[in-house]
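Trainee: Keeping their order, the protein sequence lines are chains Y and L.
Numbered according to our numbering, the first sequence spans residues 1 to 103.
Numbered according to our numbering, the second sequence spans residues 1 to 332.
Quick caveat, the hints were computed from the structure, so don't treat them as lab data.
Be aware that one or more of the hints could be misleading.
With a straight-line cut-off of 27 Å between C-alpha atoms, the simulated BS3-like cross-links for lysine-lysine are [what the hints assert, rightly or not]:
1) L:K7 with L:K51
2) Y:K97 with L:K213
3) Y:K97 with L:K211
4) L:K108 with L:K133
5) L:K277 with Y:K58
6) L:K133 with Y:K101
7) Y:K97 with L:K108
8) L:K7 with L:K241
9) Y:K2 with Y:K97
Calculated Cβ distances over 10 Å to all of chain L for the following chain Y residues [claimed, not checked]:
10) R3
11) D16
12) L26
13) G30
14) I39
15) M46
16) R59
17) M63
18) E67
19) I69
20) A70
21) L72
22) Q74
23) E80
24) R98
Quick reminder that beta carbons are idealized off the backbone N, C-alpha and C, glycines included.
Listed below, chain by chain, are the residues.
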Amino acid sequence: MKRIQRNPDILWREEDDAVEEANSLLESGGAADEIGTAILFSDGTMVTLNILGTEIWKRCEGMTVDEIIAELLQEFDVEEPVLRSDVAAFLNELEEKRYIKYV
Amino acid sequence: MSEIVLKAPLTINWALNNSCNFSCRHCYSRVDTGDELSSETLKECMTKCAKAGVMAVNFGGGEPLLRADILDICRHAADAGFRVSMNSNGYLIDAAKAIALKEAGFAKIGISIDSHQAEVHDNFRGMPGSHVKALAALDHLKEAGIRTSISTVICTFNFNTIDDLIAMARKHGASQLNFHNFKCSGLGMSNKDELDLSPEQWKNFYKEAMKRKVECTDIDISLDDPIIASLGMRDETAMVKGSVCGKLSLNIKSNGDMTPCGFIPSIIGNIVTDDLKTVWRNSQVLDKLRNKTAKGKCASCSDYADCLGGCSARALAMTGDFNNPDPHCWVE
Chain Y
1 MKRIQRNPDI LWREEDDAVE EANSLLESGG AADEIGTAIL FSDGTMVTLN
51 ILGTEIWKRC EGMTVDEIIA ELLQEFDVEE PVLRSDVAAF LNELEEKRYI
101 KYV
Chain L
1 MSEIVLKAPL TINWALNNSC NFSCRHCYSR VDTGDELSSE TLKECMTKCA
51 KAGVMAVNFG GGEPLLRADI LDICRHAADA GFRVSMNSNG YLIDAAKAIA
101 LKEAGFAKIG ISIDSHQAEV HDNFRGMPGS HVKALAALDH LKEAGIRTSI
151 STVICTFNFN TIDDLIAMAR KHGASQLNFH NFKCSGLGMS NKDELDLSPE
201 QWKNFYKEAM KRKVECTDID ISLDDPIIAS LGMRDETAMV KGSVCGKLSL
251 NIKSNGDMTP CGFIPSIIGN IVTDDLKTVW RNSQVLDKLR NKTAKGKCAS
301 CSDYADCLGG CSARALAMTG DFNNPDPHCW VE
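Construct all of the structure, not just a fragment, from the sequences and the given hints.
Mentor: In structure tokens, the structure reads:
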């Protein structure tokens, strides 16, 4: 299976306060989908990622899709088919924006 | 995409100096202080900004290449992890300088060019021969492997030359063409009656420019004006609604004073003495810019949610209140 590589032109960072807020919500059983916890930034465009997107993005450096899913299943309380679908949709969007490529 | 208040600016527009070899008729910074930070102080401040989470710096001025330590400053910024870019008039960039700029770590350099016609540009910039040198700078930079852009301030003598400007950018390999809206700051205010467009002219310019942006696949045409939201043509790649000032970016003047943008004179701190993240989080001026109140015709405008009153700097300069409608707005 091909490995994912980030576009080196993309600048990114996590937003510490937002990460803390999202984790706190998740721990209390709440939803954190709408909280932006990381910013991807390149030449005038910006994408805000929620906590799941952030955790996927952090692994987009040399891992395969299956490896990412296996790790995330350890971290998030989610059914594998749902996670697999979410990860695929997210990675497709990143690939369309040329934020990642498969090598 | 949800809008969030970031922990620190993504990018800082940093005036390294205020000295300039040109005398442009729209210059925003001729009335600014001539004070400059020393190399060592600048480097310390950049390290602070990098630690705070800032990801990119764009050097400006003045003409930043007039600083003898520009390469050293760039190296430090690149080593600190910044994506480093610069706006220059290009006059001092020959082939050797372009290679040195590349080696120092510049990822991108924007050259200011106001017309495809040399005479028009030279007259406007107050420097004979500057157009030829600006175009040569684009060529040298491209040859050295630095991405280039052209920055054009739209005004009365160039607003109807979009295709010529695109052709010029294409011929000289610029990857981006930035059409900047005219700011009534500094000499831009003094000369606005001669240089600024009417609201109707702005409307027509943006209609044409947006068409070209869609058609043009080899050059990124950038329009940084939030008032285009009312044309139903808001740039989908725009990062936030309304002005980006104080939401994504911050301006630092040559003496270290921080302002929301280069065209808003409100000083919110100084990078030498103040903590960037504290200023970014607690500044009342930034809070007001991030939470504007619709006034005048904006209060009943259906596009306000997208444009947020347009350019805050222009509204402030022309009316004294950045909550007022952008004077360029054509909506009745």
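Trainee: Determine for every hint whether it applies to the structure shown.
Mentor: Hints versus structure:
1. In summary, the hint linking K7 (chain L) to K51 (chain L) is supported, as the alpha carbons are separated by about 11 Å, within the 27 Å threshold.
2. Pair hint K97 (chain Y) plus K213 (chain L) holds up; C-alpha atoms about 18 Å apart against a cutoff of 27 Å.
3. A threshold of 27 Å between alpha carbons decides the hint, and for K97 (chain Y) with K211 (chain L) the separation of about 22 Å falls inside it, so the pair holds.
4. At most 27 Å may separate the alpha-carbon atoms for a hinted pair to count; K108 (chain L) and K133 (chain L) meet this at roughly 18 Å.
5. Taking the CA atoms of K277 (chain L) and K58 (chain Y), the gap is about 24 Å. The hint holds against a cut of 27 Å.
6. For the hint pairing K133 (chain L) with K101 (chain Y), the CA-to-CA distance comes to about 39 Å; that exceeds 27 Å, so the pair is violated.
7. Among the hinted pairs, K97 (chain Y) with K108 (chain L) is consistent with the structure: their alpha-carbon atoms are about 20 Å apart, no more than 27 Å.
8. For the hint linking K7 (chain L) to K241 (chain L), the alpha-carbon distance of about 18 Å falls within 27 Å, and the restraint holds.
9. Proximity of K2 (chain Y) to K97 (chain Y) is assessed by CA-CA distance (about 18 Å); at most 27 Å being required, the pair is judged to hold.
10. Every beta carbon of chain L lies more than 10 Å from that of R3 (chain Y), the smallest distance being close to 25 Å; the non-interface claim holds.
11. Non-interface call for D16 (chain Y) relative to chain L: violated, since the shortest CB-CB distance, roughly 6 Å, does not exceed 10 Å.
12. With a cut of 10 Å on Cβ distances, L26 (chain Y) stays outside the contact zone with chain L, its closest approach being about 17 Å.
13. Distance to chain L confirms G30 (chain Y) as a non-interface residue, since its nearest Cβ pair spans about 16 Å, more than 10 Å.
14. With a least CB separation of 7 Å from chain L, I39 (chain Y) falls inside the 10 Å interface cut-off, contrary to its annotation.
15. At the 10 Å boundary, the C-beta of M46 (chain Y) falls inside the reach of chain L, the nearest C-beta of that chain being 4 Å off.
16. For R59 (chain Y), the condition that its CB be more than 10 Å from all CB atoms of chain L holds, with the nearest at approximately 20 Å.
17. With a closest Cβ-Cβ approach of about 23 Å to chain L, M63 (chain Y) is found to remain outside the 10 Å limit, as its non-interface label requires.
18. Listed as a non-interface residue, E67 (chain Y) keeps its Cβ farther than 10 Å from every Cβ of chain L; the least gap is roughly 27 Å.
19. Every C-beta of chain L lies more than 10 Å from that of I69 (chain Y), the closest at about 24 Å, which supports listing it as non-interface.
20. Taking the minimum C-beta to C-beta distance to chain L, about 29 Å, the non-interface status of A70 (chain Y) holds against the 10 Å cut.
21. The beta carbon of L72 (chain Y) sits about 21 Å from the closest Cβ of chain L, which is more than 10 Å, so the claim that it is off the interface holds.
22. Every beta carbon of chain L lies more than 10 Å from that of Q74 (chain Y), the smallest distance being close to 27 Å; the non-interface claim holds.
23. The non-interface label for E80 (chain Y) is consistent with chain L: the shortest C-beta to C-beta separation is roughly 27 Å, beyond 10 Å.
24. With a cut of 10 Å on Cβ distances, R98 (chain Y) stays outside the contact zone with chain L, its closest approach being about 13 Å.
Checked against the numbered hints given earlier, this structure breaks hints 6, 11, 14 and 15; the rest are met.
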